[in-house]
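Enquirer: Sequence:
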Amino acid sequence: MPTSNRVGYIRKRARLDFEASRKETDPEKIEFLLRLAATQLDNILIQAQHLTEISKLDLTPIKGIKNSVSLDYEEDERHHS
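In the working numbering, the protein residues as written are 1 to 81.
Hints in this document: simulated from the structure, not taken from any laboratory.
Each hint should be verified, as a subset may be incorrect.
If you anchor each label on the Cβ, the simulated ranges turn out as follows [stated by the list, open to error]:
hint: 1; residue 1: S55; residue 2: L34; range: 29 to 35 angstroms
hint: 2; residue 1: A14; residue 2: H50; range: 16 to 22 angstroms
hint: 3; residue 1: D26; residue 2: L57; range: 44 to 50 angstroms
hint: 4; residue 1: Q47; residue 2: R22; range: 22 to 28 angstroms
hint: 5; residue 1: K63; residue 2: A37; range: 45 to 51 angstroms
hint: 6; residue 1: Q40; residue 2: S4; range: 18 to 24 angstroms
hint: 7; residue 1: A37; residue 2: N5; range: 18 to 24 angstroms
hint: 8; residue 1: L16; residue 2: L45; range: 17 to 23 angstroms
hint: 9; residue 1: Q47; residue 2: P27; range: 28 to 34 angstroms
hint: 10; residue 1: S4; residue 2: K56; range: 15 to 21 angstroms
hint: 11; residue 1: I46; residue 2: A20; range: 37 to 43 angstroms
hint: 12; residue 1: S4; residue 2: T25; range: 34 to 40 angstroms
hint: 13; residue 1: S55; residue 2: P27; range: 38 to 44 angstroms
hint: 14; residue 1: D58; residue 2: P27; range: 48 to 54 angstroms
We put the beta carbon where it would ideally sit given N, CA and C, even for glycine.
Please model the entire structure based on the sequences and the hints provided.
Expert: Pasting the structure below:
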């Protein structure tokens, strides 16, 4: 469930990385860049899966339970002070 912003970022990043290496002719460097791209793609797919799983969680705080998830940073700081 990647957002449109995330998709746009990934496309832009891939294009910039490709353009930066467009004129590369060293076979070893090209092989390295291809392996790096494959690793980055794996990471993106894992992140997308993780974000999809997180988006399905019910993060509604449970009244009276101190360890419930709070998305409010200031509220967290007040509780930890």
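Enquirer: Return the numbers of the hints above that this structure violates; sort them in rising order.
Expert: Hint 11 alone not satisfied by this model.
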